[in-house]
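Chemist: The hints should help you fit chain B onto chain A, whose structure is shown.
Protein sequence lines, in the order shown, are assigned to chains A and B.
Residue numbering for the first sequence is 1103 to 1214, as defined by this note's numbering.
Residue numbering for the second sequence is 123 to 238, as defined by this note's numbering.
Hints may be right or wrong, so weigh each one.
Lysine-lysine pairs mimicking BS3-like chemistry, simulated, CA-CA at most 30 Å apart [to be verified]: (1) B:K163 to B:K136; (2) A:K1104 to A:K1144; (3) B:K186 to A:K1144; (4) A:K1104 to B:K186; (5) B:K186 to B:K142; (6) B:K142 to B:K177; (7) B:K142 to B:K188; (8) A:K1206 to A:K1144; (9) A:K1206 to B:K142; (10) B:K177 to A:K1206; (11) B:K163 to A:K1144; (12) A:K1144 to B:K188; (13) A:K1104 to B:K163; (14) B:K186 to A:K1206.
No wet-lab data here; the hints were simulated from the structure.
Below, each chain spelled out in residue letters.
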Amino acid sequence: QKEVEQNSGPLSVPEGAIASLNCTYSDRGSQSFFWYRQYSGKSPELIMSIYSNGDKEDGRFTAQLNKASQYVSLLIRDSQPSDSATYLCAVTPNSGNTPLVFGKGTRLSVIA
Amino acid sequence: GAVVSQHPSWVICKSGTSVKIECRSLDFQATTMFWYRQFPKQSLMLMATSNEGSKATYEQGVEKDKFLINHASLTLSTLTVTSAHPEDSSFYICSATGTSGSWEQYFGPGTRLTVT
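In isolation and in its complexed conformation, chain A is listed as follows (with noise of 0.2 Å):
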């Protein structure tokens, strides 16, 4: 049974601060990995996808990948009230054609 955990939250910052959102997955052959942020009554939106490990940067969103430890995570520099949201990882074994696996996501709570 392939798994991913996520804290479900609510995860709360102030306006301003870092954001950590944190995500663990069981199949050690997952080869694509995802975050997703979804607004309440809306579908997901992808907004970092990443596939080597390290880290991958795009403007205030930092995703880092251990295949090692089977660890993804997603920061968010100076966190804005719009990011309030539910922020899903997804994770697949290799190709688009394979159905994402998803965490039951983390709610990121921004205080203004």
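Modeler: What follows is chain B alone, placed relative to chain A:
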């Protein structure tokens, strides 16, 4: 790029009727589309995987005769909820992955179904 649309965005139907939801990839060819369902305050649940030109693969517990999926072209997949009941009321979301070699999946905006 990588835009996925769904139609309708919301629908209300009476119990016992059927509802069709369309999922389109607007700027890429989608070899595979996925259908999800999400109940309030719950996580996404994968219903089925749809490959163009072949039968959909349904997840365990999803009734294939109730949730009919057709993926007739590289840009369109449809989900038909047959003989809908109030317990089928949910948020239905499709996602698509393309032929470009990207492994990323892009989600449509979702369809909110209410069965009265």
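Chemist: Hints first: check each against the structure and report whether it holds.
Modeler: Quick rundown of the hints versus the structure:
For a cut-off of 30 Å, the pair hint linking K163 of chain B to K136 of chain B stands: about 24 Å separates their Cα positions. Proposed proximity of K1104 of chain A and K1144 of chain A is supported: the alpha carbons are some 26 Å apart, at most 30 Å. Proposed proximity of K186 of chain B and K1144 of chain A is supported: the alpha carbons are some 26 Å apart, at most 30 Å. About 23 Å separates the Cα atoms of K1104 of chain A and K186 of chain B, which keeps this hinted pair within 30 Å; it holds.
Simply put, K186 of chain B and K142 of chain B have alpha-carbon atoms about 14 Å apart, close enough for the 30 Å limit, and the pair holds. Under the criterion of a C-alpha separation no larger than 30 Å, the hint pairing K142 of chain B with K177 of chain B is consistent with the structure, at around 17 Å. For the hint linking K142 of chain B to K188 of chain B, the alpha-carbon distance of about 12 Å falls within 30 Å, and the restraint holds. With a CA separation close to 15 Å, the supplied pair K1206 of chain A and K1144 of chain A stays within the 30 Å bound.
Distance restraint check for K1206 of chain A and K142 of chain B: the Cα-Cα separation of roughly 28 Å lies within the 30 Å cut-off, and the hinted pair is therefore satisfied. Under the criterion of a C-alpha separation no larger than 30 Å, the hint pairing K177 of chain B with K1206 of chain A is consistent with the structure, at around 28 Å. Only pairs whose Cα atoms come within 30 Å are accepted, and K163 of chain B paired with K1144 of chain A is accepted, the gap being roughly 12 Å. Taken as a hint, the K1144 of chain A and K188 of chain B pair is honoured in the structure, with Cα atoms around 25 Å apart against an allowance of 30 Å.
Proposed proximity of K1104 of chain A and K163 of chain B is supported: the alpha carbons are some 22 Å apart, at most 30 Å. Pair hint K186 of chain B plus K1206 of chain A holds up; C-alpha atoms about 25 Å apart against a cutoff of 30 Å.
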